[in-house]
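S.K.: Given next are the chains, with one letter for each unit.
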Amino acid sequence: MITHTFILPRDGCDFAHWRGLARWLWAQQVPPDAVVWHTEDDQARAPDLFAPPSCATQLADLAPAPERALSVPRAWLAEAEQCLLHRAPSRFALLYRLLWRMQLEPGLRHDLLDADSVQMQQWIKAVRREVHKTHAFVRFRPVALADHPLDGSGPLHVAWFEPEHHIVQAAAPFFVRRFANMRWAILTPQCSLRWWPQAPDIAALAEQGVQPGFAVQPFVGRPGVLSSGPGAHADDAPGADAGEGLWLTYYAHIFNPARLKIAAMRKEMPRKYWHNLPEAQLISPLVQAAQARSAAMLANAPTTPQRRLPRGKPAL
Amino acid sequence: MELQTKLAILADAAKYDASCSSSGSAKRNAVGGGMGSTEGAGICHSYTPDGRCISLLKILLTNFCVYDCKYCINRVSSNIPRARFSVAEVVNLTLDFYRRNCIEGLFLSSGIIRSPSYTMEQMVGVARTLRLEHGFKGYIHLKTIPDADAELLAQAGLYADRLSINIELPTVQGLAQLAPEKDSATIHRAMGQLHDHIATSKAERKEAASRAIVSMPQSRRTRPTAPKAFAPGGQSTQMIVGADGADDGDIIVTSSRLYTGYGLRRVYYSAFSPIPDATADLPLIAPPLVREHRLYQADWLMRFYGFAAHEIVPSGAQGQRMLSLEHDPKLAWALAHREQFPVNLNTAPREMLLRVPGLGVASVDKLLAVRRWRQLRSADIERLRVPQSKVLPFVECQGWSPGRSLDDPLLAARLVQPMAPQPVQASLF
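Residue numbers (my numbering), protein chains in the order written: chain W, 17 to 332; chain F, 7 to 435.
In short, the hints are calculated from the structure, not lab data.
Partner residues are not named here, just some residues of chain F that face chain W (Cβ under 8 Å, in silico):
1. Pro-55
2. Ile-60
3. Leu-63
4. Asn-107
5. Pro-282
6. Ala-375
Think of the CB as a built atom: it goes at the ideal place given N, C-alpha and C, for glycine as much as any other residue.
Construct all of the structure, not just a fragment, from the sequences and the given hints.
M.R.: In structure tokens, the structure reads:
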């Protein structure tokens, strides 16, 4: 019987919040099948008529619970935090069920082949893969932007990306480390990130509309602030620029038409990513022409060889 | 010539190099200045319809070449269009693609112009400019020219993450026949030099790291600076498959010697594929893609599964030792050694679990972790998400025994792995 309905703030990925609620549930000895988990975002999209509260459940609003010991491996906590980034609505219930079961079945924490553990591992794998693919498939386009002492110099590099899971924040540190001295922004439907490479601290960006609660300064004693804002639209990102033509040229010419392996390509670069990859527009024409091109290579009779060697220096 | 045209020609010229890996180098990032990072695992930023990834900007500095290697699109006797990049052009292309997050770095190779040393100097110049003038922290792979000056080789390793020298063909005879200007002994000598440099640098850095911590008031560093790493991503090589008469036995044995002799990180196999303006001496065939795939599987068995080269090489006369195209090499080995199966998942040692067809390293480690705490049951095999039909005949555990299926004369036929014929391959004939 369902006794508790919890609504998690926004997308539900705030691990500390979920953890607090889960501890409270354990302290009250509420079994896993008596809890229903929702998120504010899901509620906004498709309200559950049977869910009494309409805004996020806060720990402070709940009745104080008695102290009750709860122990989980430290590594499990880190994994649970990652698992929470998956988009499956049942992830909250699964994690609480595992938490509950771990208290009663001491061997469970070692059992990588338990059905619930396997499910959790699969979701973590999907999250990690999505983070990795974000690192791979985000494409920046430069936009001219005036230099600013608090921000930096050079063009702003803007990318539009639509991840399947809630991984934008998790994917960001990679871009911070890689492009620490470049101004960049990643726009997604859920949230947008902006890196201010020269900002001395978060307070300095108040004029730019950066709020303290929505920014971090990742390196102590070094400038550089990462701020986050609301979600964006595809139109907010810049279109193709002239420089992108070179990348498309490279893509078309590094392809070897004599060895078509479309399934191998799609396994690693699934279609869902194609609409945000500029080079994907070339896939269909390249595949269509491949057969004729390799047939032509075979049909062409060998030409008379001529030795051609470079003369002079190249134009710089 | 326009940059776009040059890029087209010099990418066309570079695509027959299979290597594109950007993994396994030292960790660096741009937090202290410059741009770029390498973080251990490589990233493939795109894939082309030939199933290969784009991790690095793979181009030639020039496709002019004085050599006449028969299998090569860039041989001097080919009538393809020629081009040459300036150092600045390669540097700017790399930085621009990198900022767009299209690549992990640069893989630079070149045709031989004027002399091997002159060419190598140009390539080292690109790497030096990227590192020193632009603070580039991304990945750099330089194709090394074996006949170049040893001093240039030593310099290349200071700027590049990985160096590679192509062995080109698995046998000395093949090389002499198809690449008359290249010399197998020189290639091996250069590989040996690289191996020495890499090993020395590793030992020196290890020694520096193990030195006692010195702590002085106000001092920031507690250890003396370690010497600069030499090609921290190691060295690799490439072999062309299907251009000469070498069989899979030759290839596997050569690879195994290269791995042990020179500590190579990878040996790449490149199925010889039709090239524009091919020579009349080397008739074109459809690229042997399945064979290439099987060779990679055999390579993996040697590197991660504890197989020795002689266990994988099929028996037969020289020239006839070909890997099965129907079964992957591990399955083929298991079918030929059925007396060693079924393997008990609950008791078998790790080495034996690794020899079970269909079980990968990760699955084996998972089984080992679980069986420390409880008995493995048949339901566990299902949860492993491994190919059941391939695994089940070779294992036993609580609730599962393969019975007499190992004695079934049709077992091999039932386990044939249908490799879908490539549409292009079929049309070539």
